[in-house]
Amino acid sequence: QQPVQSPQAVILREGEDAVINCSSSKALYSVHWYRQKHGEAPVFLMILLKGGEQKGHEKISASFNEKKQQSSLYLTASQLSYSGTYFCGTPSGGYQKVTFGTGTKLQVIP
Amino acid sequence: GAVVSQHPSRVICKSGTSVKIECRSLDFQATTMFWYRQFPKQSLMLMATSNEGSKATYEQGVEKDKFLINHASLTLSTLTVTSAHPEDSSFYICSATSGQGGGYTFGSGTRLTVV
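Heads up: the sequence lines are chains A and B, in that order.
Position one of the first sequence corresponds to residue 18 (my numbering), numbered consecutively onward.
Position one of the second sequence corresponds to residue 44 (my numbering), numbered consecutively onward.
Wrong hints could be hidden among the right ones.
[Unchecked claim] Quick look at which bits of chain A chain B covers, simulated, 3 or more residues with Cβ under 8 Å:
| hint | segment |
| --- | --- |
| 1 | 58-66 |
| 2 | 115-124 |
[Unchecked claim] Ranges of calculated distance between the beta carbons of each label pair, as one might list FRET restraints:
| hint | chain 1 | residue 1 | chain 2 | residue 2 | range |
| --- | --- | --- | --- | --- | --- |
| 3 | A | P24 | B | T156 | 28 to 36 Å |
| 4 | B | T156 | A | V36 | 33 to 41 Å |
| 5 | B | G44 | A | H55 | 17 to 25 Å |
| 6 | A | G110 | B | R154 | 41 to 49 Å |
Quick caveat, the hints were computed from the structure, so don't treat them as lab data.
A virtual CB, placed ideally from N, CA and C, is assigned to each residue, including glycine.
With the hints as constraints, model all of the structure from the sequences given.
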C-alpha cells in the first residue's frame with residue numbers, strides 16, 4: 018500500500034512555512050524523505066528510525082509518530098531552492114525496499 | 044558520499060527493439076539495487092529488487108520476461124526493456140544504499156521514449 022501524502026500541492030512565498038504529511042496504512046518502522054526536482058532523480062533528505070524521532074536538515078525537519086503511522090516534514094522560512102516534489106518513503110521487507118508516497122509538489126515563489 | 048551512475052540518460056528507440064540501461068555504484072558495493080519507473084506527474088513505482096548473483100525479485104504486475112534484470116557484480120545492475128512499446132516510455136531510475144546514513148542514493152535516471 019502506497020503511503021498517502023497531503024497536501025498534493027502547495028505554493029509558498031519565500032520565507033513562509035509549510036508542513037507535508039505522510040500517512041501509512043501499515044506499521045512503520047522507519048521513514049525516509051526525498052526531494053525531486055523536475056526531470057531529475059530524487060535526492061535523499063533524511064531518515065527517521067524511531068518513533069517520536071525528529072531530525073533536521075538545514076531548515077527542513079521531520080517528525081515520526083509510529084503509533085499513528087505518520088510522519089511530517091516541516092519546511093521553515095522557505096527558499097526558492099526548496100521547490101520540487103517531496104516524497105516520503107517507507108522501507109519494508111528483508112531487502113528494505115522503499116515504497117514511495119503519493120508525493121507533494123511544493124512551489125516557492127518570490 | 045555514495046554515488047550511483049546511470050546510463051544512458053536519454054534514449055529513443057523504435058517499437059519492437061530492446062534497450063539496456065546500466066546502473067553502477069561508483070564508490071561502494073551494492074549487493075542490492077532497486078529499479079523504479081516513474082510516469083509524468085506520478086510517484087516512483089518499484090519494479091524489481093536486483094540482487095547480486097541471484098534472480099531479481101519483481102513486484103506484482105511487472106513482467107519479468109519483458110524487463111530483464113542482471114546484477115552480475117557488486118557494482119553493476121542492468122535493466123533491459125525487451126520488445127519495447129510506446130507504453131513503456133517512462134523515466135527509469137535505479138537506487139542503492141551504501142549502508143551509511145540510511146538513505147538510498149539514486150542514479151540520474153533514464154528517460155526512455157519508444158516511437
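These are the hints, each one checked on the structure:
Under a criterion of three residues with beta carbons nearer than 8 Å to beta carbons of chain B, the stated coverage of the segment 58-66 of chain A is upheld, 8 such residues being counted. With a cut-off of 8 Å between beta carbons, the segment 115-124 of chain A has 6 residues touching chain B; three or more are needed, and the interface restraint holds. At about 31 Å, the CB distance of P24 (chain A) to T156 (chain B) agrees with the hint of 28 to 36 Å. A hinted range of 33 to 41 Å for the beta carbons of T156 (chain B) and V36 (chain A) is consistent with their spacing of about 37 Å.
Under the hint 17 to 25 Å, the C-beta atoms of G44 (chain B) and H55 (chain A), about 23 Å apart, fit the expected range. Range check, G110 (chain A) to R154 (chain B): about 28 Å between beta-carbon atoms, so the 41 to 49 Å window is missed.
When held up to the earlier numbered hints, the structure conflicts with hint 6 and nothing else.
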